[in-house]
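Visitor: Chain by chain, the residues run as shown.
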Amino acid sequence: GENVEQHPSTLSVQEGDSAVIKCTYSDSASNYFPWYKQELGKRPQLIIDIRSNVGEKKDQRIAVTLNKTAKHFSLHITETQPEDSAVYFCAASPSGTYKYIFGTGTRLKVLA
Amino acid sequence: GAVVSQHPSWVICKSGTSVKIECRSLDFQATTMFWYRQFPKQSLMLMATSNEGSKATYEQGVEKDKFLINHASLTLSTLTVTSAHPEDSSFYICSAPGQGSSVAQYFGPGTRLTVL
Numbered sequence: 001g002e003n004v005e006q007h008p009s010t011l012s013v014q015e016g017d018s019a020v021i022k023c024t025y026s027d028s029a030s031n032y033f034p035w036y037k038q039e040l041g042k043r044p045q046l047i048i049d050i051r052s053n054v055g056e057k058k059d060q061r062i063a064v065t066l067n068k069t070a071k072h073f074s075l076h077i078t079e080t081q082p083e084d085s086a087v088y089f090c091a092a093s094p095s096g097t098y099k100y101i102f103g104t105g106t107r108l109k110v111l112a
Numbered sequence: 113g114a115v116v117s118q119h120p121s122w123v124i125c126k127s128g129t130s131v132k133i134e135c136r137s138l139d140f141q142a143t144t145m146f147w148y149r150q151f152p153k154q155s156l157m158l159m160a161t162s163n164e165g166s167k168a169t170y171e172q173g174v175e176k177d178k179f180l181i182n183h184a185s186l187t188l189s190t191l192t193v194t195s196a197h198p199e200d201s202s203f204y205i206c207s208a209p210g211q212g213s214s215v216a217q218y219f220g221p222g223t224r225l226t227v228l
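Protein chains in written order, with my numbering: chain U, 1 to 112; chain C, 113 to 228.
I should point out that these hints are in silico values taken from the structure, not numbers from a laboratory.
Fair warning: there could be bad hints in the mix.
As the list claims (entries may be wrong) - With a straight-line Cα cutoff of 30 Å, these simulated DSS-like cross-link-like pairs (lysine-lysine) come out:
#1 U:K109 - C:K167
#2 U:K58 - U:K37
#3 U:K57 - C:K178
#4 C:K178 - C:K167
#5 U:K22 - U:K71
#6 C:K132 - U:K37
#7 C:K153 - U:K42
#8 U:K22 - U:K57
#9 C:K176 - U:K99
#10 U:K57 - U:K109
#11 U:K42 - C:K178
Stated by the list, open to error - Okay, the calculated bits of chain C under chain U, using three or more residues with CB under 8 Å as the criterion:
#12 150 to 163
#13 186 to 196
Predicted, not measured: the structure shown is a model, and the values here were computed from it.
All residues carry an ideal CB built from backbone N, CA and C; glycine is no exception.
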């Protein structure tokens, strides 16, 4: 089955700097890759996603890149703000299913 | 947008009792829902896929007799933790896929279960 690895587990950046979180997946049949932000005790919130037929997607300060050959995808947050502090999860969804296999999470701290 | 609710938001029970958690899609129909478990400072682990009108599909290592799932309508799935023990204490979250061509999942607010 699918396995998703996520790095780093924690990340501290200064406000205004960029943050990058990387994930790798094992199942080449996975074709959908969402990123979720989760604040303590709350539900995960979708922040951006990408399908396997696209290499890059951007939404304001957030971007995701996908390398299908290498089976890895990354989240890029530019001009970080204190409110970006949260736990971020990547996920992979095997083709033909709505199932998500989540990465282990990255705790991002943006220092003011 | 798609809204998923859960009830209760938190529950405390005694060891050996059963607890039922409800997951509802409020403004859309969901033939499929998913149940996840999240221990403190850990990731979301998929427990099972809830299928409306048929049996749930459980992930490897999840005891189907302990975690009973019923998806009796297009807007409601329930998870019953039977004979709960302290090690079952966790954050349980459900989700449902969006509508149309979207494969994005929308998560419920979660239920924090504490077993004494």
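Visitor: For every hint, state whether the structure bears it out.
Guide: Hint-by-hint comparison with the structure:
no.	hint	in the structure
1	U:K109 - C:K167	violated (42 Å)
2	U:K58 - U:K37	holds (16 Å)
3	U:K57 - C:K178	violated (41 Å)
4	C:K178 - C:K167	holds (14 Å)
5	U:K22 - U:K71	holds (11 Å)
6	C:K132 - U:K37	holds (27 Å)
7	C:K153 - U:K42	holds (13 Å)
8	U:K22 - U:K57	holds (15 Å)
9	C:K176 - U:K99	holds (18 Å)
10	U:K57 - U:K109	holds (24 Å)
11	U:K42 - C:K178	holds (25 Å)
12	150 to 163	holds (count 6)
13	186 to 196	violated (count 0)
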